[in-house]
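In order, the protein sequence lines correspond to chains B and V.
Everything in the first sequence is counted per our numbering, starting at -12 for the first residue and increasing by one.
Everything in the second sequence is counted per our numbering, starting at 2 for the first residue and increasing by one.
A few of these clues could be false.
[As the list claims (entries may be wrong)] Reference listing, derived: stretches of chain B covered by chain V, where coverage requires no fewer than 3 residues with Cβ under 8 Å from a Cβ of chain V:
id, stretch
1, 16 to 30
2, 78 to 87
[What the hints assert, rightly or not] Simulated crosslink set (PhoX-like; lysine-lysine; CA at most 25 Å straight-line):
id, chain 1, residue 1, chain 2, residue 2
3, V, K71, B, K28
4, B, K28, V, K27
5, V, K27, B, K27
Hints are computed from structural coordinates only; laboratory data are not their basis.
Because the structure is a prediction, the values reported are computed rather than measured.
Beta carbons are placed, not taken as given, at the ideal position from N, Cα and C, and that holds for glycine.
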Amino acid sequence: DTEVTQTPKHLVMGMTNKKSLKCEQHMGHRAMYWYKQKAKKPPELMFVYSYEKLSINESVPSRFSPECPNSSLLNLHLHALQPEDSALYLCASSLILTGDTEAFFGQGTRLTVV
Amino acid sequence: SQQGEEDPQALSIQEGENATMNCSYKTSINNLQWYRQNSGRGLVHLILIRSNEREKHSGRLRVTLDTSKKSSSLLITASRAADTASYFCASPGNTGNQFYFGTGTSLTVIP
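Could you build the full structure based on these sequences and the hints that come with them?
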C-alpha cells in the first residue's frame, strides 16, 4: 500500500465553522507534512511532524491546528478561517524527516471558505 | 522564502518533441527532487538527484544538476499528451530536512 488518503476530497465551510481534514498512510512512514496550494502556485509547507512530534511550523496562523494522534494519522483542525484560506490542502508522508527521501502525496482536500 | 525559481513558467510543445525545464535554488543542497502534478491533484515523485551526481536518467526523463550554479534541469524526451502537467523541483531547506518547492513549470503537450 503506497497510498496517502485524504478526506474529505472537497469541503465548503463558513467562517465561523470548525472542521477537520484527515490524512492517513499505512506505509510505516514517520514523517508527515501539510502543504497549502493556491491556484497556479507551488505547494507551501505548513507543518511537519516527525515521529508524531511537531517538528516544523512555518509561522502558520493559529486558526490552523495540526494533530498527529498516531504514526498513521495526521489531522488539520480548522477554525474561524478566512476566505483567503480557500486552497488545496495536501498531505504527504516520507519514511523519515530528511530532505533526501521521496515524499508520497495524497490527492488533497479542496477547501472553500465562504 | 526558501523557494526555488523555475523557468519557463509555461511551455507548450507538440507531441514527440522534447521539453526542458530549469530550476534554480538558493541554498547549498545535498540533493534535489522533481515532482509532477496533474491538474488539481496530488504530486508524484519523479526523480531524486544527489549533489555528487551530475546527471541521472529514468525512462524518458533526464535530470542534470550543477551545484556550482545552483541549478538543475529536467528533460522529457519524446513527449506525450499524457505528460501535460505542472512540474516542480524541490530542494531541502536550511536545516536539510524538509524540502521546498520551486515556482513550477506548466507543460502542455499538444497531440
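Each hint tested on the structure:
| no. | hint | in the structure |
| --- | --- | --- |
| 1 | 16 to 30 | holds (count 5) |
| 2 | 78 to 87 | holds (count 5) |
| 3 | V:K71 x B:K28 | holds (22 Å) |
| 4 | B:K28 x V:K27 | holds (18 Å) |
| 5 | V:K27 x B:K27 | holds (22 Å) |
The earlier numbered hints are all upheld by this structure, with none contradicted.
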